[in-house]
Structures are given as structure tokens and as C-alpha cells.
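Asker: Each chain is listed here by its residues.
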Amino acid sequence: MTDTTTQTTLSWFKRFLYSRYASFEFLTGAFLTATLVLLVIFSGLIFPDGGTKVNIMARLTEPFQSADFPLGTDPLGRDILARIIHGGRISLLVGLFSALGAVILGTVIGLFAGYYRGFIDAFVMRFADIQLALPFILLAITVIAIVGPGVDRIIILMIVSQWVQYARLVRGSVLSLREREFVQAARSYGLPNIKIIFSHILPNAMGPLIILLTLNVANNILLESSLTFLGLGADPQTPSWGGMLSEGRSYIQTAWWVTVFPGIAIMLTVLGLNLLGDWLRDELDPLGQTR
Amino acid sequence: MPTPKTEVHPLLSVKDLSVEFGFGDFAVRAVDGLSFDLHEKKTLAIVGESGSGKSISSLAVLGLLKHIGGNITSGALNFQSALLGQTVDLATAAEGTLRKIRGNEIAMIFQEPMTSLNPVFTIGSQMAETLALHQGLNTKDARKKALEFLDLVRLPNAKRLLDSYPHQLSGGMRQRVMIAMAICCQPKILIADEPTTALDVTIQAQILHIIRELQEELGTSVIFISHDMGVVSEMADDVLVMKASKFVESGSVRDVLGHPQKDYTRALLAAVPKIGSMTGTSAPKLFDIPGITAATGVTPNATVQSDEQPVLEIEDLTTRYDIRGGLLNRVTHRVHAAENVSFNIYPGETLALVGESGSGKSTVGKTIQQLVEPVSGAMRYHGQDIFALPKEERKAFQKQTQYVFQDPYGSLNPRKTVGESLVEPARVHGIVTTKAQAQDLAADLLKKVDLPTDYAKRYPHQFSGGQRQRLCIARALACNPSLIIADEAVSALDVSVQAQVVNLMMELQAKHKLSYLFITHDMAVVERISHRVAVMYLGQIVEIGTRQQIFENPQHSYTKRLLSAVPVLNPGHRPTRPPLEGEIPSATRAVGDEPALVNLRQVSEGHYVGA
Numbered sequence: 063m064t065d066t067t068t069q070t071t072l073s074w075f076k077r078f079l080y081s082r083y084a085s086f087e088f089l090t091g092a093f094l095t096a097t098l099v100l101l102v103i104f105s106g107l108i109f110p111d112g113g114t115k116v117n118i119m120a121r122l123t124e125p126f127q128s129a130d131f132p133l134g135t136d137p138l139g140r141d142i143l144a145r146i147i148h149g150g151r152i153s154l155l156v157g158l159f160s161a162l163g164a165v166i167l168g169t170v171i172g173l174f175a176g177y178y179r180g181f182i183d184a185f186v187m188r189f190a191d192i193q194l195a196l197p198f199i200l201l202a203i204t205v206i207a208i209v210g211p212g213v214d215r216i217i218i219l220m221i222v223s224q225w226v227q228y229a230r231l232v233r234g235s236v237l238s239l240r241e242r243e244f245v246q247a248a249r250s251y252g253l254p255n256i257k258i259i260f261s262h263i264l265p266n267a268m269g270p271l272i273i274l275l276t277l278n279v280a281n282n283i284l285l286e287s288s289l290t291f292l293g294l295g296a297d298p299q300t301p302s303w304g305g306m307l308s309e310g311r312s313y314i315q316t317a318w319w320v321t322v323f324p325g326i327a328i329m330l331t332v333l334g335l336n337l338l339g340d341w342l343r344d345e346l347d348p349l350g351q352t353r
Numbered sequence: 006m007p008t009p010k011t012e013v014h015p016l017l018s019v020k021d022l023s024v025e026f027g028f029g030d031f032a033v034r035a036v037d038g039l040s041f042d043l044h045e046k047k048t049l050a051i052v053g054e055s056g057s058g059k060s061i062s063s064l065a066v067l068g069l070l071k072h073i074g075g076n077i078t079s080g081a082l083n084f085q086s087a088l089l090g091q092t093v094d095l096a097t098a099a100e101g102t103l104r105k106i107r108g109n110e111i112a113m114i115f116q117e118p119m120t121s122l123n124p125v126f127t128i129g130s131q132m133a134e135t136l137a138l139h140q141g142l143n144t145k146d147a148r149k150k151a152l153e154f155l156d157l158v159r160l161p162n163a164k165r166l167l168d169s170y171p172h173q174l175s176g177g178m179r180q181r182v183m184i185a186m187a188i189c190c191q192p193k194i195l196i197a198d199e200p201t202t203a204l205d206v207t208i209q210a211q212i213l214h215i216i217r218e219l220q221e222e223l224g225t226s227v228i229f230i231s232h233d234m235g236v237v238s239e240m241a242d243d244v245l246v247m248k249a250s251k252f253v254e255s256g257s258v259r260d261v262l263g264h265p266q267k268d269y270t271r272a273l274l275a276a277v278p279k280i281g282s283m284t285g286t287s288a289p290k291l292f293d294i295p296g297i298t299a300a301t302g303v304t305p306n307a308t309v310q311s312d313e314q315p316v317l318e319i320e321d322l323t324t325r326y327d328i329r330g331g332l333l334n335r336v337t338h339r340v341h342a343a344e345n346v347s348f349n350i351y352p353g354e355t356l357a358l359v360g361e362s363g364s365g366k367s368t369v370g371k372t373i374q375q376l377v378e379p380v381s382g383a384m385r386y387h388g389q390d391i392f393a394l395p396k397e398e399r400k401a402f403q404k405q406t407q408y409v410f411q412d413p414y415g416s417l418n419p420r421k422t423v424g425e426s427l428v429e430p431a432r433v434h435g436i437v438t439t440k441a442q443a444q445d446l447a448a449d450l451l452k453k454v455d456l457p458t459d460y461a462k463r464y465p466h467q468f469s470g471g472q473r474q475r476l477c478i479a480r481a482l483a484c485n486p487s488l489i490i491a492d493e494a495v496s497a498l499d500v501s502v503q504a505q506v507v508n509l510m511m512e513l514q515a516k517h518k519l520s521y522l523f524i525t526h527d528m529a530v531v532e533r534i535s536h537r538v539a540v541m542y543l544g545q546i547v548e549i550g551t552r553q554q555i556f557e558n559p560q561h562s563y564t565k566r567l568l569s570a571v572p573v574l575n576p577g578h579r580p581t582r583p584p585l586e587g588e589i590p591s592a593t594r595a596v597g598d599e600p601a602l603v604n605l606r607q608v609s610e611g612h613y614v615g616a
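Sequence order for the protein chains is A and B. Residue numbers 63 to 353, in this note's numbering, belong to the letters of the first sequence in order. Residue numbers 6 to 616, in this note's numbering, belong to the letters of the second sequence in order.
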């Protein structure tokens, strides 16, 4: 019944220790993600040639041997470190934009389907079921075979196949939120439906969405790698992590570094994003706040 | 400390119990130095408002605190265990020992009968589980014993119930099953944590009666946790009052409830609306409780002259919900939530709509607010037929009525500031357009409900239940409505807070000449606040009249039943009312099976009763 405002007399360090940010997940995740984003943004400054310079004399240099090629070179003598950092562009681009596109499309559809129910809901959700039944790789191979490969197409493909999970997730939240009393209250004073959906329901359905989003970014980076590995992704000239894995495959017995380093890059990125997602989930979960 | 009447050791002796949640600087003390004794075959009631630590104390007795993150930091809970043949300190006992005692010698009935049974097991198998565990019975014997105890809690058709699933039972039946489960090992101590709070009054009366009888038959000691002073007065031998995790006072029920020593207890008792306390007065009356809420000099509106034009006339309102089923998904059944409901509400008047769950009282409110479409009927606002208007104009009418919901925690959007929420209705209807206007209105509204104006920037979770309900009322005032529909608006609040909010509502009514449709199941609050009362049963009004007519001269059998089921705060008095058997029948009917309409006949001026 009473307001308990505890006076904070703690030092900043102690406050930090008790704050939500003092967790392994957040610190590691944020460090990994921030490093990646910074490297990718400034990749042009660090390696102006974009990691495409062929140096056949230095082909398959072992890592940690020469200062010019700290992580070694690939079969064409291209610097693996430069290629990894430049390749991150494609990975992040695909990962972020596909997930963002899917989250926007899926959320809007899910909000309307869940709020209005009835025919729209039945139609959209049955369509979603069909969509879920299609294997993504098969769909990707078919579509790419018709329209040709490219990063933009991969992004669109991912959006088209992934909005479903967001739509289902949002619809589920909406179904319970629309019966909540604050939504009933908004209806009782005549707030238009569209405003109820976007100003009352959406903010309360955001928690799980953000979590699925971070998990999906990580997932899509992996997916992009596999598509490029299959030759369905970015054009072979542009460095990308998936492409590097694919190129290094035939050398895996003689030159392990060609595949292992891009692999580690993927792993660290996905790990960073997953840790952030985990942390966010704990933070947004009301039960998690009692820890 | 209750003085031990005999030299016999108490069954359970709690000494200086303290419970904390969290660690170090962030520890919250939930129980602080609590001591009490529980004697054999006695009922000890622990009363207090929400957050006073009464439930936590009972969980400590069961040794269930670790499960929810609590720690017993000091104190002893000495329990005379007949099973182990020694005194056990429940605070320090090993988990294995506690497991043997729990459910066997100390059992518990929880508040929510809807959620404390596992929905995927039959009643029989859930009861057999306890029996198999503690008494080592085989399936067949356990079943036989389960049957015996279901009979003991007077459940009809006990045999068939054994194979039923929880969802097939009503709330009252489930709570009886819970009691049967709790007593099936014949515990020494039965802890009942608000066992009837979620139930209707007539069902509550049944359950209380059963608990009392069982206690006599089995000689069980009961720790009865409740916030309802009426229930406590009927059930307890000894009473212990708690406030903000601390002990306030204890003693026999006559002493504590009859001659309270502490101010807090006195205030708490004064805030309890007592049915029958308003006999002889016609106008509503403010609560006057020193330290909690004082009368402000505002006199509630006296009974309204009925020659004035009503604010709202409801005529033959019928609302039904379709239930679809079958192969073609056709309407097979209908819930006849409201049938031919007619009443008028006059300016500045409170009409209370009372009834038990499923009586359709909320449906009537929601239909008036246009949250639900009626099947037929008319609604006239100052003589203008609302349902005949085109859709757009009907929407505009929504600002004339405002709805206040039951759950103060659920009816404000947790992600919006209070200021935003308060002015939203006014924004919708174009009363407020600029930001500055919105801020002024929010400040004005907060002032009206006696909250500081700078609260507008806060979020709902920063407020207590009572403050939130004030905020909901403030929001309802945003469009200057003529009618406020309060749907169980004070039912979820603690008594002292409830008294404040009821007072606030009456003051606002007097100042702004508001009309209220006060929907509730709580007859005692109705007596305080209302000018006229309509009693609903199975979707129809069975009796309507002024408050005095209904409370002092009830005519319909259901009204009488409802009034007699309300627990009375009269320490030492044990009700002699016969246990009311049976449940309220369902309002769900097959298509074409129309319910018989109740014909109201006039008994006296303004007092109508159904045949």
C-alpha cells in the first residue's frame, strides 16, 4: 500500500553490480555484437581493397605466420581476415533485413488476424500452415533457379517464409490481450479498433517478438551461409561467410584455416546475438525480475 | 498472545517467526516476529489486508517457503507430530520429514479452486495419489476411501465424481473436492487460505458450513486465513490480526472483534460494511473511519424523486450469447445472459445490480456500454432511443456512459503513462486535442480523485490497487459522463481501501450529479452506496425496489437467500441458517428452449417482485 522508495547510497560500481546489465549474457553478447557491428561498419577503412585482392604468390599462407595475413590466405592468396570482415557485411545485411522484414509483415498480419478473428484469421492461419509445410531449402532452390541468385532475393525469400512464425506468435498474444480489461476499457470509451491494435495491443505483445527477432537474426546468418554454400546466395566475387566456407571445402584437409576462421566468425556472431536474446528474454519476463 | 486455557501443550506453537525474501541489501521482510499457538480442535483465524504476511506465515507452517524463494530467518515452529511421536520444529526439519508431515498431518486448502486441481487427471486419481503416498493404500482401497471423503463433504453422486475431470465441476464443487483431498489423511491441522474468497456468497455459506462440521467430526485444528471479517467472526475461536508483516493483536474472537484493543483493528472493523447497519435510513452513507477515511462534509444524494426524467431507461433488454457446435457449426445452444431486463436510472442515483456469478449482471452493463450487441430491447438516453441511431451516433453516445472494471491491475495499459491513459477517452471524442489541454485535463482528473497531479507521468505498476481504481474512476470522468457503470469496481480491494473508494464515488456523485449502475455481488457494500437495488437471477430481474425495501422487506426467495448467506460480523454468533444445497442452474439453453419470463408485480410504491 505504501510507496517504498529506497534511497540509493550505493557507489556506481555497486549499482552496476546489482543492475540488470551485470550479467554474463548481456556483457558477452553486447561485446561480441558491438565488435562485429563496428568491424563491419569500418571494414572499408580497415581493409580498403575489400579482401578481393588476389595474390597468387601467397596462396594458402598458414595463419599466424605473416603480419600481412594474420589469419592466412585462401587458395587465391586473398587475405582471410579481410574477407571475413568484409563478408560480415552480407551476413549482417541478410540477417538483419530478413528478420526485420519478416517481423514487420508477420506482426501486422498476426495483429489483424488475432484481433478481428473470423474469416481473415482462418484464411491467414491456414495459409500460414501451408507455408510452414514447405521446406525452405526446396523453396529457395526452386525460386533461385527461376529468378537467379542474389542477396536481395535471399532476403525476400526469407521474409516470405519466416513471417509465419511472427504472425503465429503475435496472434497468440493478441488472443489473450484482446480479452484483457484495459483493451475492453478502451473499447468501452469508443477508441477505434486500429488505435486499440497499435497503441494498446502491440506494445504489450512486443516482449516475445524482440526475443524471436534476435534469435532469428542469428538463425538467418546461418541460413545465408548455407544458401551461399549451396551456391544460391551472394555472387561468388563478393566475400561472404557462407561463400568462404564453400570455397574452402575442398582444402579442408590441407588448409584448415580457410574454413575454420569463417566458421568461428559465424559462431561468435550467432553466440553474441543468442546471448543478447537470452538476456532480453529474462529481462522482459515478469518472473525474471524477482531474481 | 492467546492465553493457553489449559496446561496442555499447543498442537502448534510458533515463536518469533521471521520470513525474508531476497538476500542482503535487497531482502524484504514478509513476516516479522510472529508468535501464536494453535490448540487442538480450535480454529485460529489470521486476518489482515493484502501484503500483511498472513499467507506467507501459513506457507512457513507447511515448509513450502523455499519453493517460492523465502527464508525463515528466525523463530521456531514447534509441531506435536503424532506420526513421528515427537515435537518437530518445522523451521529446521529436513525436507524428508516435512514431506511426511505435509498433506498427512498438516494439509492445506487453497484460494483458487479453479487452478488448484490438475486439469488432466480425474478427481479420483488425484485423491488416490495423496492416499497412496501417505497411507500406502493400493488403488482399490484408495478409491474406496476417496469415495468416503467425497461423501463426507456432501458431494452428491460421489461415485460418478471420482471419474470426472475438474472442468466438469462448478467452483463450489471443486472447492469441496479440495477440502475432501485435504482431509482424506485426517490431518491434525488444516490450513485454509481464503477458501471461499473466489466463491459466491451462497456457495461460500455451504463451504463454511462443511468446514465447521468436518472440524467437529474429525477434531481437526484449523488455521483460517481471511480478509473477510464476517467469515472470520463465524468461523474462528481465536483471531490474530496482522498488518504489514507484523503482529497487531490476538485473542478470542469475542475480544478481538468485539472489543479491539489496537487502533488498526478498530479501523479495520469500522471499514467492514455490515449488512443491516443502515436499517431505517433511506439515503446512502459515507464511511467515517478515523485514520482511514473521514467524512468530508459531503452528503450523499438523498433518494431521488422519480418524477424527474430518467437518465437512462432500459426496456426489455435481451442479450444472448450463441454457442456453436455440431458438424455444421450451427448455433445449438444460447446463453440467455439477460432476458427482458427493464429498469430506469435517475440523475444522481445509484442503482445496484446484484446477483451471483452467471446471473447476467455484467452482461447488462456491457450491453449498455455497447460492448455487446443486444438481441432485442430499447435503451433511451434522456428519451432518445440509442439502439435506433445509426452506428456513428451510437459511438458518440459512448462518452455519456463510462465503464469501470473490476480488476484494477488489468484495466490500465501497463505500457502507457497514467496521464496518457486518463485522457484517452477525451481524445477519442475530440474533447481534448492539444498536448497542453491533455496535461491540464489529466491534472484536473487526478485532483478530482484526490491524487497528486504529478502522478500523471508514472506508470500503472507504481500504484497500489486502491490508487489504480481511483485512476480508473478518474479516466471514467474524463468525458463528463452522466452515467458510470461500475462492474465489481470495489470487489478486488481490501476493506479499508474499499471504504475509501466507495466514499470517493459517493462524493463524486454528490458533486457532479453522476448516476451509477453499481454491479456487484457484495450485498454489504450495496447497502452503503445504493439508492435502489435490482436483484438478478439467471438473466432476469427478480426483484427491484429502493434499498430499504429490498434489505428490510425482501420478498423474492432468491433475495432472501442471498441476504441470509452474507456472513455477519457478530463475534461468538454461530449462524443457524440451514445449509443451502445445490448450485445455481445454468443459463445455457438449447435453441428454441426459451426460459419462462418472470412477471414482476408491484408490492408497494416502486417495489416490484417476480412471481
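In short, the hints are calculated from the structure, not lab data. Watch out, some of these pointers could steer you wrong.
Here are a few chain B residues that face chain A, going by a calculated C-beta distance under 7 Å [claimed, not checked]:
no., residue
1, Q374
2, V377
3, G415
4, R420
Note that the coordinates shown come from a computational prediction; the quantities given were computed from them, not determined experimentally. Note that beta-carbon positions come from the ideal geometry of N, C-alpha and C, so glycine has one too.
Asker: Next step is simple, just say for each hint if it's right about the structure.
Answerer: To see whether the hints hold, each was checked on the structure:
1. Hint on B:Q374 holds. Least Cβ distance to chain A is approximately 5 Å, under the 7 Å limit.
2. Taking 7 Å as the C-beta contact cut-off toward chain A, the hint placing B:V377 at the interface is violated, the least distance being around 10 Å.
3. With 7 Å as the threshold, the beta carbon of B:G415 comes within range of chain A, its nearest partner Cβ sitting at about 4 Å, so the hint holds.
4. Restraint check, B:R420 versus chain A: the minimum CB separation of about 4 Å is within 7 Å; hint holds.
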